[in-house]
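Protein chains in written order, with my numbering: chain U, 1 to 362; chain H, 363 to 586.
Take a look, some chain H residues computed to stay more than 12 Å from chain U by CB distance:
(1) 389
(2) 419
(3) 460
(4) 492
(5) 504
Reference excerpt, derived from the structure (chain H facing chain U, CB under 10 Å, subset only):
(6) 536
(7) 552
(8) 553
(9) 554
(10) 555
Calculated directly from the structure, the hints in this document are not laboratory data. What you are looking at is a predicted structure, and each value in this text was computed from that prediction instead of being measured. We put the CB at the ideal spot given by N, CA and C, even for glycine.
Here is what each chain is made of, one letter per residue.
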Amino acid sequence: MKLLERLLDRTRGAFAEGKRLHRTKPVFDAAENFFFAPISRAKSAPFVHDPLDIKRLMSMVIIAILPALACAVYFFGLHVLAMVVVSYAAGGIVEVLFAVVRKEEINEGFLVTGMLFPLILPPALPLWMVAVGVMFGVLVGKELFGGTGRNLFNPALVGRVFLALAYPAAMAGNWISPVAEPPGRILQYVSSGAVDAIAGATPLAAAKQGQLAGLQEMFLGNVAGSAGETSALAILLGGILLIMTRVASWRIVVGVLGSFLLMETVLHYTLPGPIPPPMWQLLAGGILFGAFFMATDPVTSPATTGGKWAYAIIIGLATALIRHLTGYVEGVMFAILLGNICAPLLDEVAVAVRLRRLAHES
Amino acid sequence: MTATASKSPAACGPCAAGLLCDGKAGKIVKDGVWANNPISIQVLGICSALAVTNKLANALVMGGALIFVTACSSLFLSFLRNATPRKIRMIAEVAIISTFVIVFDQLLRAFYWDMSKQLGPYVGLIITNCIVMGRAEAFALQNRPIASALDGIANGLGYAIVLAVIAVFREMIGAGKLLGFSILDKVWYEPNQLMILAPGAFFTLGILIALLNALRKDVPETKP
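In isolation and in its complexed conformation, chain U is listed as follows (with noise of 0.2 Å):
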């Protein structure tokens, strides 16, 4: 620590005002604030009180990552490590082009989203594609409405729709089917030019053939789908670490969970034929990982509680009807970003009516 406390030290003068090195000042504080503490305070949300920063925040969600990006490896190959990877350069080079040009700090947040993005993903999906996702993500998603804190959709989210909607086929067939004997496929590397030999139906898919994958295997993650969402056990560790740090809001958990719950019944109950059971289907696809890892995005869901438990609810909501009313076969990440447009008018109304019921008492 001391040696790279002095190496920073020394190459500090270096960008400085009027120095060469200037116009990458973003690069270095970056790299001063990884190491040791921040420097400034936080002007926009996510706020949070003491002793959690952005940047303490942001480690507790990477933490609370691992056991699912853990879970993906293991599974599915090291694949899934490289898409990491380019998802972190290729998004990186868009973060630090626009804190250069906006001459500010580069934001923890993109730590975060750097990570969601490649576990949204199939797990085989071809390179170029998760880099031009996640620069769209972060571009789009995230810098055009101001960079962190000020952005209305969850980057990573925007990043998938994209390419959901720009590379259908892609999207919607890499696919691999997991190795539940050790060692998995962790010593494997599948990529989307190998995947046809091993290629897996996910179980909301199969389940539209009317094969029902078994619970358990659900809940372990020996089950096709996108790399990080394939073990419910994994996501379940990560997010209650989540919720016990404060870090994700348990009423959103709560809240998306419980109302999606609620549906699947009423649907299951009305539709016993082609809809199946409620439980399963709170196991099958992303609305555990979206639940716990996407719709807790501090900076997208709204602040208040009351605005909270209406966003959560209409989360809820609309991942099962999707499911089942329309052509997709997951609804998760359209319920998010339609969750996300809702956010700042859920605040407003739940501040207003906050404001009336205090005028009333007084």
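With chain U fixed as given, assemble chain H onto it according to the hints.
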């Protein structure tokens, strides 16, 4: 842009003594194509600009249609500007505009049936295009015929150029082709189908307007 006929026109380029367009030809053209471009500055006619720009050929035909309609309707409205009672001018405008739109639509159907099918209702919808009506209200009713026709051509041209630029990007990225010829997809290229869909048009137009605003010095920029 509510220019009135000036008393002493200055000499101007090719037209004799500048009498025909009151010596403002240069300004009219510059306004229509660049300084007051109907799409990128006034953000009018967006509906058709988003709908027909998935192929360059469609965009060019649509641009041509708008140049024809705006020029002709502005010309004739200007002829009739002193004879039109103010209270019913809107009806007169719509009648004249729809005449030219129908002429163009019928020509397209007669000779280029495939193109007519691809453009669908959008040629007919030029009748309700804000640009045509806007030029009639804002310019043709206050100016002489030749100047009005020139204004119509300039604004139509401004519209056509922006459409063509959007269409080049959308067809090139979305299909790897240009005017139907293979360009990018001759070599390795995976078409980005989003660009063919409506969101592609929104993104392209949004980015284009942002770039143009960045180029123009007179648009004040405020940082939030």
